[in-house]
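Novice: Which chain is which? The protein sequence lines are H and P, in order. Going by the numbering used here, the first sequence opens with residue 1, and the numbers climb by one from there. Going by the numbering used here, the second sequence opens with residue 161, and the numbers climb by one from there.
If you are wondering where the hints come from, they were derived from the structure by calculation, not from laboratory data. It is possible that some hints are incorrect.
If you anchor each label on the Cβ, the simulated ranges turn out as follows [claimed, not checked]:
1. H/Thr129 with P/Val287: 35 to 45 Å
2. H/Ser82 with P/Pro175: 39 to 49 Å
3. P/Gly291 with H/Gly78: 38 to 48 Å
4. H/Ser82 with P/Glu166: 45 to 55 Å
5. H/Arg145 with P/Val287: 18 to 28 Å
6. H/Thr129 with P/Glu262: 33 to 43 Å
7. H/Pro14 with P/Pro212: 33 to 43 Å
8. H/Gly116 with P/Val287: 16 to 26 Å
Every residue gets a Cβ at the ideal spot worked out from N, C-alpha and C, and that includes glycine.
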Amino acid sequence: MALNPALVGKIYPPTAAYEVGREKIREFATAIGDGNPICHQVEAAQEAGHPDLVAPPTFPFVLSAKAMAMAIVDPELGLDYSRVVHGEQRFEYERPVFAGDTLVVTSSIEEIGVAGRNEILTTRADLETLDGELVARTYSVIISRGTAPSRDAQQPAGAA
Amino acid sequence: MAPRFEDVQVGDELPAQTFVLQRMNLVMYCGASGDFNVIHWNERIAKLVGLPDVIAHGMLTMAEAGRVLTDWAGDPAAVVEYGVRFTRPVVVPDDDQGARLEVSGVVTGKRADDCVEVELTATSAGVEVLGKARAVVRLGAPPVS
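Same shape as in the complex, but just chain H (with noise of 0.2 Å):
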């Protein structure tokens, strides 16, 4: 079955509001095995001119992965979870991840495609504070493998 089209600029309700904080960044630093001060030791943090601890680049991934999982599962999208593959993902910053802020993380369906066999969807995270202020932007393709829609009108026996 073939992704829906017609879900293009589709836009999922915000998030609940998560806290990022400060034993989670150090967790999270830590198991990526990132032990600049920055990310661990609030004196260090500000020594540098931040507010406080900074999440490593990837981190929003936390936060957006469950944002994205409202489009995964929605069924009008018509995505089927055993054949989906992480193709891609890009962050883009307006600042830094801080410990101490609230974030709230609005998921969209930017594009669906084709490409051989299998389908491109590209979703869009916009990571926000409380107060509407865009803090990071991220990009997932997701790879829908041999979903893509059949010119033919016989399959073969045995296909999905």
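Dock chain P against the given chain H, drawing on the hints supplied.
Specialist: Leaving out everything else, chain P in the frame of chain H:
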């Protein structure tokens, strides 16, 4: 010492790094990121769905490779843009060696606002695991002494 924008030239190489990924690292990343997908810790199911073994999260590979950027710039806040394509999974066997992720980077351009463009190369077992790995990094002004 963090590089100064004035001193950086197109073609400069960032210090390359090798990151070792063992099963424990994947488990830690599952907890830290909230992504508990079984293919990142359960060998039985990973093989059942056709993978050669447990594989690292693409996002973990992206995060590790990103350390070449942040270690060079000296500050995670320096990364203004970062994007990758996931070309091949990093297979992590259940042994004491794990997988080795080799990452290098080169400055490909200089922009206004003290930002440089960087292209990263990331391989594991001789295979490119990240493609089109590009970043924009803002380098700080020299400290006023």
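Novice: It remains to establish, for every hint, whether it holds in the given structure.
Specialist: Outcome of the hint check:
Look at H/Thr129 against P/Val287: about 41 Å separates their beta carbons, and that is inside 35 to 45 Å. Between H/Ser82 and P/Pro175 the beta carbon distance is about 41 Å. The supplied range of 39 to 49 Å therefore holds. Between P/Gly291 and H/Gly78 the CB atoms are about 28 Å apart, so this pair departs from the stated range of 38 to 48 Å. A hinted range of 45 to 55 Å for the beta carbons of H/Ser82 and P/Glu166 is consistent with their spacing of about 52 Å.
At about 20 Å, the CB distance of H/Arg145 to P/Val287 agrees with the hint of 18 to 28 Å. As the Cβ distance of H/Thr129 to P/Glu262 is approximately 38 Å, the hint placing it in 33 to 43 Å holds. Distance hint check for H/Pro14 and P/Pro212: the Cβ-Cβ separation is about 39 Å, which falls inside the suggested range of 33 to 43 Å. For H/Gly116 and P/Val287, the hinted distance range of 16 to 26 Å is satisfied, since their beta carbons lie about 21 Å from each other.
Violated hint for the displayed structure: number 3, the only one.
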